[in-house]
Amino acid sequence: MNPLRKPPTLLVLPRLLLGVTLLWAGGAKLPEPALFAQTVRAYEVLPLPLIHPFAIVVPWIEVTAGLCLLLGFWTRSSALAALLLLLAFAVALGVNLHRGADLSCGCFALDGTGGSLHEALLRDALLIAVALLLLLVRSAPLSLDRLLDRRSRQKDA
Amino acid sequence: MNTVRSNHLPLKAIAILLVGSGMGLAYNALSSAGIPLRTPPQPSFADLVSWSLHVEGLRVTLAEAMRAFDRREATFIDARPLRDYVAGHIPGALSLPASDFEARGRDLLRDLPKDARIITYCSGERCQSSLLLARMLIEKLGYRRTGVFFDGWHAWNAAAHPFMIGEMP
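Line by line, the protein sequences are chains A and Y.
Just so it is clear: in the first sequence, position 23 is 47 by the working numbering, and no numbers are missing.
Just so it is clear: in the second sequence, position 162 is 235 by the working numbering, and no numbers are missing.
One or more hints might be untrue.
[Stated by the list, open to error] Once the Cα atoms are required to be at most 25 Å apart in a straight line, the calculated SDA-like pairs of lysine to any residue come out as:
#, chain 1, residue 1, chain 2, residue 2
1, Y, K213, Y, L131
2, Y, K85, A, R177
3, Y, K187, Y, R145
4, Y, K213, Y, E146
5, Y, K213, Y, A231
6, Y, K213, Y, K85
7, Y, K85, A, R175
8, Y, K85, A, S128
9, Y, K187, Y, F142
10, Y, K187, Y, L126
11, Y, K213, Y, A176
12, Y, K85, A, L150
13, Y, K85, A, L172
14, Y, K85, A, A153
15, Y, K85, A, A112
16, Y, K85, A, R170
17, Y, K85, A, G51
18, Y, K213, Y, A232
19, Y, K85, A, L107
20, Y, K85, A, D126
21, Y, K85, A, L37
22, Y, K213, Y, D184
23, Y, K187, Y, L167
24, Y, K85, A, G139
25, Y, K85, A, F78
26, Y, K85, A, L111
27, Y, K187, Y, R199
[As the list claims (entries may be wrong)] Reference listing, derived: stretches of chain A covered by chain Y, where coverage requires no fewer than 3 residues with Cβ under 8 Å from a Cβ of chain Y:
#, region
28, 46 to 59
29, 84 to 91
30, 103 to 111
No lab work stands behind these hints, which were simulated from the structure alone.
Note that beta-carbon positions come from the ideal geometry of N, C-alpha and C, so glycine has one too.
Bound-form chain A, shown alone (with noise of 0.2 Å):
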């Protein structure tokens, strides 16, 4: 049988991790998009059509899927929208570091204050990793998912 079918109540705490960290990238970014369509730009990653849509989208995903991952809700599917996140962020960062460019990250106050790129990156493997952690969990401890999934369960008795 497959251990992380029953896991610890203790996975509850990167799944917050990953949804604070989501929420509170997302919050800062949200109010403005101005601000961040100028980092995004910075990074001279995406084609220019793209960098308007991407500023105005990506703060809200980062809220969206930030707070599923709070309430324990698409737990999963979640951490994949998130993991899609973290996997273009870290794109951007390695590529902008391989230049050896002169940036600041960007990633939750947009005030230059957010650190290396170095330090940027390493934090972003952390998150992609909780990320896989979480996919990889059928049932999310204390979680929204579980839940409804019982009270389903209780249904069909």
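Following the hints, position chain Y against chain A.
Frame of chain A, contents of chain Y only:
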């Protein structure tokens, strides 16, 4: 049952991406902070200034300016020419055109402690006197908590916030 649900995994992930995107597009369309969907080839001058102020931690948004005004947390300084100030200004703001700084600046702010919060503004995103004035306040007079309300008088007026007419008391 579990297998059925697993098959929905990518679909639900796409749903999350779409819901998030939809909210982003809706917010962008409705908010005054919205940006055009089509990316301009060059960022506008105002965008660049705004961004660099933000990165330096000097930027004061309209909402922040309003909050500071309501709570009387800041001294507003109007950097426009005196006749613009007389025609209408943020209530309680001092008038100090950037070009008068050398002549009157030190004297005008004699009683203001150095840790006071100052917010400078001029007419709006096409003017630079608020930037100049803020720089001088920080570098020459040591008001380190100075910020720039870059959207300025136009934004304040457009938002129908309170204003006053006439010279300084």
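Hints versus structure:
1. Between K213 of chain Y and L131 of chain Y the CA atoms are separated by roughly 16 Å; this keeps the pair inside 25 Å, and the hint holds.
2. At roughly 21 Å between alpha-carbon atoms, K85 of chain Y and R177 of chain A fall within 25 Å of each other, so this suggested pair holds.
3. With a CA separation close to 17 Å, the supplied pair K187 of chain Y and R145 of chain Y stays within the 25 Å bound.
4. At most 25 Å may separate the alpha-carbon atoms for a hinted pair to count; K213 of chain Y and E146 of chain Y meet this at roughly 22 Å.
5. The suggested pairing of K213 of chain Y with A231 of chain Y is violated, with an alpha-carbon distance near 33 Å, which exceeds 25 Å.
6. Taking the CA atoms of K213 of chain Y and K85 of chain Y, the gap is near 58 Å; set against the 25 Å cutoff, the hint is violated.
7. Restraint check for K85 of chain Y and R175 of chain A: the C-alpha separation of about 20 Å stays at or below 25 Å, so the hint holds.
8. Between K85 of chain Y and S128 of chain A the CA atoms are separated by roughly 33 Å; this puts the pair beyond 25 Å, and the hint is violated.
9. Taking the CA atoms of K187 of chain Y and F142 of chain Y, the gap is near 19 Å; set against the 25 Å cutoff, the hint holds.
10. The straight-line distance between the Cα atoms of K187 of chain Y and L126 of chain Y is roughly 21 Å, inside the 25 Å bound, and the hint therefore holds.
11. Restraint check for K213 of chain Y and A176 of chain Y: satisfied, since their Cα atoms lie roughly 13 Å apart, inside the 25 Å limit.
12. Distance restraint check for K85 of chain Y and L150 of chain A: the Cα-Cα separation of roughly 24 Å lies within the 25 Å cut-off, and the hinted pair is therefore satisfied.
13. Restraint check for K85 of chain Y and L172 of chain A: satisfied, since their Cα atoms lie roughly 16 Å apart, inside the 25 Å limit.
14. Between K85 of chain Y and A153 of chain A, the direct Cα distance comes to roughly 21 Å. Compliance with the 25 Å bound is thereby established for this hinted pair.
15. Of the supplied pair hints, the one linking K85 of chain Y and A112 of chain A holds, its CA atoms being roughly 19 Å apart against a limit of 25 Å.
16. With a C-alpha separation of about 16 Å, the suggested pair K85 of chain Y and R170 of chain A falls inside the 25 Å cut-off, and the hint holds.
17. Of the supplied pair hints, the one linking K85 of chain Y and G51 of chain A holds, its CA atoms being roughly 22 Å apart against a limit of 25 Å.
18. With a C-alpha separation of about 33 Å, the suggested pairing of K213 of chain Y with A232 of chain Y is violated against the 25 Å cut-off.
19. For a cut-off of 25 Å, the pair hint linking K85 of chain Y to L107 of chain A stands: about 14 Å separates their Cα positions.
20. Simply put, K85 of chain Y and D126 of chain A have alpha-carbon atoms about 37 Å apart, too far for the 25 Å limit, and the pair is violated.
21. At most 25 Å may separate the alpha-carbon atoms for a hinted pair to count; K85 of chain Y and L37 of chain A meet this at roughly 23 Å.
22. Note on K213 of chain Y and D184 of chain Y: the hinted pairing holds, with a Cα-Cα distance of about 16 Å set against a maximum of 25 Å.
23. At roughly 16 Å between alpha-carbon atoms, K187 of chain Y and L167 of chain Y fall within 25 Å of each other, so this suggested pair holds.
24. Restraint check for K85 of chain Y and G139 of chain A: not satisfied, since their Cα atoms lie roughly 34 Å apart, outside the 25 Å limit.
25. For the proposed pair K85 of chain Y and F78 of chain A, the alpha carbon gap of about 20 Å is at most 25 Å, so the pair holds.
26. Distance restraint check for K85 of chain Y and L111 of chain A: the Cα-Cα separation of roughly 18 Å lies within the 25 Å cut-off, and the hinted pair is therefore satisfied.
27. A C-alpha spacing of about 29 Å is found between K187 of chain Y and R199 of chain Y, which places the hinted pair above 25 Å, so the restraint is violated.
28. With 6 residues carrying a beta carbon less than 8 Å from a beta carbon of chain Y, the region 46 to 59 of chain A meets the three-residue requirement, and the given coverage holds.
29. Here's how the region 84 to 91 of chain A fares: 6 of its residues keep a CB closer than 8 Å to some CB of chain Y, so the rule of at least three is met and the hint holds.
30. For the region 103 to 111 of chain A, the stated coverage by chain Y holds: 3 residues have a C-beta nearer than 8 Å to a C-beta of that chain, and at least 3 were required.
Against the hints set out earlier in the document, violations occur for numbers 5, 6, 8, 18, 20, 24, 27.
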